[in-house]
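These protein sequence lines are chains P and F, in that order. Here my numbering is used: the first residue of the first sequence is 201, the next is one more, and so on. Here my numbering is used: the first residue of the second sequence is 32, the next is one more, and so on.
Please keep in mind that the hints were generated in silico from the structure rather than gathered at the bench. Take these hints with a grain of salt, some might be off.
Claimed, not checked - Simulated pairs of lysine-lysine, DSS-like, Cα-Cα distance not exceeding 27 angstroms:
1) F/Lys137 - F/Lys148
2) F/Lys214 - F/Lys148
3) P/Lys441 - F/Lys140
4) P/Lys441 - F/Lys163
5) P/Lys441 - F/Lys380
6) F/Lys380 - F/Lys287
7) F/Lys140 - P/Lys518
8) P/Lys422 - F/Lys380
9) P/Lys441 - F/Lys148
10) F/Lys47 - F/Lys287
11) P/Lys422 - F/Lys47
12) F/Lys287 - P/Lys422
13) F/Lys85 - F/Lys47
Stated by the list, open to error - In silico negatives: residues of chain P with every beta carbon more than 12 angstroms from chain F:
14) Pro265
15) Phe343
16) Phe351
17) Phe382
18) Phe404
19) Leu429
20) Gly491
Claimed, not checked - Part of the chain P face toward chain F, derived, beta carbon under 8 angstroms:
21) Pro266
22) Val430
23) Asp431
24) Tyr433
25) Thr434
26) Gln437
27) Val442
28) Gln446
29) Ala447
Glycine included, every Cβ here is placed at the ideal spot set by N, Cα and C.
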Amino acid sequence: MGTRASAPRAPATISTRVDKVGLRPKVTRAIRAFVVVILTVLILLPVVWMVMTSLKSPSDVVAVPPKIIFEPSIESFIFLVTERVQFPTRQEADEFRARDDLKWYEEKVAERGQKITRVGDFPKQLRNSFIIAGTSTIFSVLFGVLSAYAFSRFRIPGEGDLLFFILSTRMLPPVAVTIPIFLMYRELGLDNTYFGLILLYTTFNLSFSVWLLKGFIDEIPKEYEEAALVDGYTRLQAFRKVVLPQAVTGIAATTVFCFIFAWNEYAFAAMLTSDATRTAPPSIPSIQGVGRIEWETIAAASLVFLMPVVIVTFALRKHLLRGVTFGAIRKG
Amino acid sequence: MSSITLQNITKRFGEKTALNDLSLTIQDQEFFVLLGPTGAGKTTTLRVIAGLEKQDTGDVLFDGTSMTGAVPAERDVAFVFQQYSLYPNMSVFDNLAFPLRSPLRKLPKGEIERRVKTAAETLRITHLLARKTAKLSGGEMQRVSIGRAIVREPRVYLMDEPLSNLDAKLREALRIELVHLQKTQGSTTVFVTHDQIEALTMAQRIAVLDEGHILQIGTPHEIYDAPATTFVATLVGTPRINLMQASRQDGRIFVKDSSVRLPPPTGIDLPADFLLGVRPEDVRPTNSGEFSGKVALTEPLGVETIVHIRSGENILTSLVPGITPISVGEEVRFDIVRERLHYFHPTGKRIVAASV
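The following block holds chain P by itself, in its conformation from the complex:
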């Protein structure tokens, strides 16, 4: 023992772990970092381009070579929410501009020789998207949680077959059945209604939501509810007070995925909706410019359209990380 107390040495201040020194680990790390950076750039480039385009003035948008540095403008957003007409003559435009009762946005538009006639269709389409995607997400998750709970906890005759049947609704690309569904909806008067699309999206999402949530609920030990049952609660009360709080992660993940699907759905929305119920996705590509294709307006529309998904995902990100890795972590 005495031999160990030799001359005092300076404490080690550098790591001697083999995985942190030497050329190989360093190179590996550099390569990893490089790949991550490249991927990030690749993924973000279109988004950045879209943001830039939406902030450009009409002349900068079509400039060749593309302008990286430009004077930002919010014209595109004004264009997006308004319906405008071009003044037939330069003189009329100048006269209109000379008026001093113009609002700031009217002035902006007047600079382009245009006049605002009314509020555009986009806000309404965005609202339709919200109503349809929001309601169908709520239904998908609500029914999903209830049936996933039932599948997870009760002995249901033909459980496996039922679950397979539910999943089978996703074995075909939905677009393949657009025509029959269109005809059916026509016949039932469901086309061009909120309810029609909500029903459709809920149906599509439900299989996904049942399967995903069943996985989460299976992971919650049933002893918790049984404890609540003997503690004097009914099945439903136990479900609400004990199961739901623990399924939050799964519910959050499912909500995000269902919302993204319903929010982004294009084909059925294009076919089954027109003016009154048209959602945003089919409207964006068909934005009519005044006298030209307004790329900046389309970019602005895409940007605005993107925001709700970003916000929902961001708000639920804490749960999502656990959600997408579920099953990988063992609960204590």
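Based on these hints, arrange chain F on the given structure of chain P.
What follows is chain F alone, placed relative to chain P:
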């Protein structure tokens, strides 16, 4: 508190019969232990009593009233689970208060607080009340679990191996606490375990289960001293009972492949071939012993030592107090306590004295 009667309970899970025509009565204020190996049907019995599982046939009676059809909440039982029973999203206080906040009870806030405090004090977990359950140790968790049962005055406590996930020291401490609690509260308790020591130390009466059947019901004393089958005999007692093939010849008992010969017992009609059971503590090495053997192994445990004695082809385990000077390889002489022998049919059933 209530008495519980199970009448001819049968429960099947698919092809498997978990409980087969099971009947038993648990007295009011009794500490009743269900003992058996894994898969014997102990937990199923408990769950049938609680109403978490519905029996296929038979009836569950509380104080003589049928509970069939009553949901768990209506039966007013408290269940302590083996694990996973604390609500992870709640604090210890909320866990304890949870049964009191049930819409069935509607207790005033002050009363809830008072009862939670009393229970916490009893179990010495007052300092944990504000804590989240995820931050508790195993022993603390199980204390809270028990606390959640004792905050209310249920008709019966049902405990499903509450101590089996704990380490030995903690298990011992909680065992004593539970018995003390049951005595002071005078509660009816049904306690499930596969640990024979738990059963022997805690129970007023034990029911030994195997494959959905009750093999024997009795006091720990009866179970240990008069096991109804070889299964019960080997399940209870460590080290295990010595079971040897024996036969009756010329009015004497011959133990197979061994030099042990014994006079037949009086009042018991023995068949030609049977099984002889000798508890290890009844195999006593002494210098003047009648039988001889060679020591194959010794296991000193401190308080006592297990000595394995080879006699012929048989190895008899003997339990001697303290640390013994007997060493491996030594020739020893030993006696067998005649009055405490167990006789079993080759089928495993105990041969009892013919009641004259």
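For each hint, the structure was consulted:
1. F/Lys137 - F/Lys148: 18 angstroms, holds
2. F/Lys214 - F/Lys148: Given that 27 angstroms is the threshold and the Cα spacing comes to 20 angstroms, the pair holds.
3. P/Lys441 - F/Lys140: Holds, at roughly 19 angstroms.
4. P/Lys441 - F/Lys163: With Cα atoms ~16 angstroms apart, P/Lys441 and F/Lys163 stay inside 27 angstroms; holds.
5. P/Lys441 - F/Lys380: 51 angstroms, violated
6. F/Lys380 - F/Lys287: 19 angstroms, holds
7. F/Lys140 - P/Lys518: 34 angstroms, violated
8. P/Lys422 - F/Lys380: Distance of about 39 angstroms is beyond 27 angstroms: violated.
9. P/Lys441 - F/Lys148: It holds: about 23 angstroms lies between the C-alpha atoms, which stays within 27 angstroms.
10. F/Lys47 - F/Lys287: 38 angstroms, violated
11. P/Lys422 - F/Lys47: With a Cα-Cα distance of about 21 angstroms, the restraint between P/Lys422 and F/Lys47 holds, given a limit of 27 angstroms.
12. F/Lys287 - P/Lys422: Distance ~52 angstroms between F/Lys287 and P/Lys422 Cα, so the pair is violated.
13. F/Lys85 - F/Lys47: 15 angstroms, holds
14. Pro265: Its Cβ never comes within 12 angstroms of chain F, the nearest being 57 angstroms, so this holds.
15. Phe343: 24 angstroms, holds
16. Phe351: 18 angstroms, holds
17. Phe382: 46 angstroms, holds
18. Phe404: With a cut-off of 12 angstroms, P/Phe404 remains clear of chain F, as the shortest Cβ separation is near 32 angstroms.
19. Leu429: Its Cβ does come within 12 angstroms of chain F, the nearest being 4 angstroms, so this is violated.
20. Gly491: 60 angstroms, holds
21. Pro266: 52 angstroms, violated
22. Val430: Holds, because the Cβ-Cβ distance from P/Val430 to chain F comes to roughly 4 angstroms (cut-off 8 angstroms).
23. Asp431: 4 angstroms, holds
24. Tyr433: With Cβ-Cβ at 6 angstroms, under 8 angstroms, it holds.
25. Thr434: 6 angstroms, holds
26. Gln437: Status holds, d = 7 angstroms.
27. Val442: 6 angstroms, holds
28. Gln446: The hint holds - P/Gln446 has a Cβ within 8 angstroms of chain F, the shortest such distance being about 6 angstroms.
29. Ala447: 11 angstroms, violated
Of the numbered hints listed earlier, those contradicted by the structure are 5, 7, 8, 10, 12, 19, 21, 29.
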